[in-house]
Amino acid sequence: MPQILDEIEECVPALRRYARALTHNPDLADDLVQDCLERAIRKRSLWRPSGSVRSWTFRILLNVYRNDLRRRRRALDLPLDALETDPPGFDTQSGRLALAETARAMQSLPMEQREVLLLVAVEEMSYADAAQVLGIPIGTLMSRLGRARATLRRLTEAGAPKLRSVK
Amino acid sequence: MSREERKITEHDLHAYADGLLTGPEREAVEAHFAADPAAAEDVEAWRRQNDALRALYGHVAAEPVPPRLDAHRIERNLHARTVHWSRMAAAAVLLVCLGAAGGWFGREFAGPGPAQATLVSEAMEAHRVYATEVRHPVEVWANERDHLQTWLSKRLDRAITVPDLRPDGLTLVGGRLLPASSSAAAQFMYEDETGRRLTLYVIPAQDGRKTAFRYAKLEKLEAFFWSDEGISCAIVSDLPRDRLKEIATRAYDQLG
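Chains as they are written, first to last, in our numbering: chain R, 19 to 185; chain P, 10 to 265.
Incorrect hints may appear among the rest.
Said to hold, decoys possible - Chain R regions said to be covered by chain P (calculated; three or more residues, Cβ under 8 Å):
1. 25–33
2. 76–85
3. 117–130
4. 135–149
5. 152–166
Said to hold, decoys possible - Quick list of in silico lysine-lysine cross-link-like pairs, BS3-like style, CA-CA up to 30 Å:
6. Lys61(R) x Lys219(P)
7. Lys219(P) x Lys163(P)
8. Lys254(P) x Lys163(P)
9. Lys219(P) x Lys229(P)
10. Lys226(P) x Lys61(R)
11. Lys254(P) x Lys229(P)
Stated by the list, open to error - Anything over 12 Å on all C-beta distances counts as not near chain P; from chain R, calculated:
12. Gly69
13. Ser70
14. Ser73
These are calculated hints, taken from the structure and not from any lab test. From the three backbone atoms N, C-alpha and C, an ideal C-beta is built for every residue, glycine too.
Whenever a hint applies, use it, and build me the whole structure from the sequences.
Here you go:
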């Protein structure tokens with residue numbers, strides 16, 4: 019059994035990243051990950067290697083996250099404090115603006131589109147893995163991904179000229 | 010090899026943008042771009058989105074993982090909790106929610122969590138050890154009631170009133186400080202005219218949540234427990250359940 023514990027441990031950085039991207043709130047994100055890890059570890063004897071430990075822990079994290087959302091209806095109002103410091107690697111003014119814009123747009127993306135897009139773009143999961151994590155058919159995944167990208171584009175491109183002219 | 014034009018779908022375009030295509034599939038999409046500049050533009054925009062999202066969130070995975078997310082540490086903590094639970098489960102404990110009873114109607118009504126299971130098992134354990142003690146049932150006797158109250162309030166970091174249960178025919182014997190799984194605990198002991206004992210076990214609650222009044226039974230011992238005003242309490246005795254509930258209600262009123 020210690021082997022699976024190590025495998026779970028290896029997923030923690032990615033789980034934190036996904037939770038942070040979903041919530042934009044570092045403390046809440048780590049709370050969700052902790053909850054996820056407790057469940058995974060408690061239920062690890064039930065786990066059968068039909069999929070990867072990564073898909074399994076991500077699935078648990080999403081359940082924890084959705085339950086938490088249900089519990090606090092106001093979750094969408096969570097502050098954007100994850101971005102109080104600039105992520106490394108983007109030093110130019112325009113780069114920061116574009117990122118801040120994307121971050122804001124992600125906040126207004128419908129939940130199911132956000133979940134899909136982050137699994138694909140940030141976690142770099144295959145479509146099959148992402149569909150498994152979300153428990154949806156690949157066709158549904160693809161249409162959500164398409165909608166997510168279109169919405170994100172609309173939101174960022176609409177805001178862009180105004181932001182640039184303000185400086 | 011016939012250069013039959015394979016139909017490029019939306020799926021292919023996404024897969025291309027996400028770097029999931031290799032070899033001939035990848036080349037087929039690239040060939041398609043020449044004929045469909047709009048598709049090329051979409052794919053370019055999606056790749057920029059991917060870059061932006063990775064730049065926004067990618068660094069989180071490189072941050073040091075806080076100790077509370079250490080899988081081995083979580084496993085150890087869970088194990089410690091399960092031991093408590095299984096000890097109780099083995100003895101066929103009966104946990105009943107009485108959320109609708111008396112003045113507790115409408116309070117939060119969820120099943121008892123692991124913290125409460127720990128509370129009640131520790132309270133029962135402490136009762137078993139000290140209620141049968143003849144010469145040293147308490148550390149501080151009732152004749153120093155004020156000192157007892159100040160001392161335990163200080164140690165638990167909560168203002169604790171020692172309930173007066175004389176209307177229920179119970180006089181204070183005294184109290185003691187005990188170690189609990191997450192903090193210190195206070196135990197107050199009472200006895201009736203026949204020498205039957207009852208203990209009130211108090212720990213500081215981790216959060217300010219109020220819970221319903223709950224009931225647990227383990228072998229001959231029965232307990233009512235609750236959380237309120239920053240403390241979690243359990244009253245343990247072998248008195249009949251209805252009588253115990255009356256006493257618990259009185260204690261609850263004075264502690265709140």
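Results for each hint:
no., hint, in the structure
1, 25–33, "holds (count 5)"
2, 76–85, "violated (count 0)"
3, 117–130, "holds (count 4)"
4, 135–149, "holds (count 8)"
5, 152–166, "holds (count 3)"
6, Lys61(R) x Lys219(P), "29 Å, holds"
7, Lys219(P) x Lys163(P), "22 Å, holds"
8, Lys254(P) x Lys163(P), "28 Å, holds"
9, Lys219(P) x Lys229(P), "28 Å, holds"
10, Lys226(P) x Lys61(R), "27 Å, holds"
11, Lys254(P) x Lys229(P), "16 Å, holds"
12, Gly69, "18 Å, holds"
13, Ser70, "16 Å, holds"
14, Ser73, "16 Å, holds"
Hint violations for this structure: number 2 only, all remaining hints satisfied.
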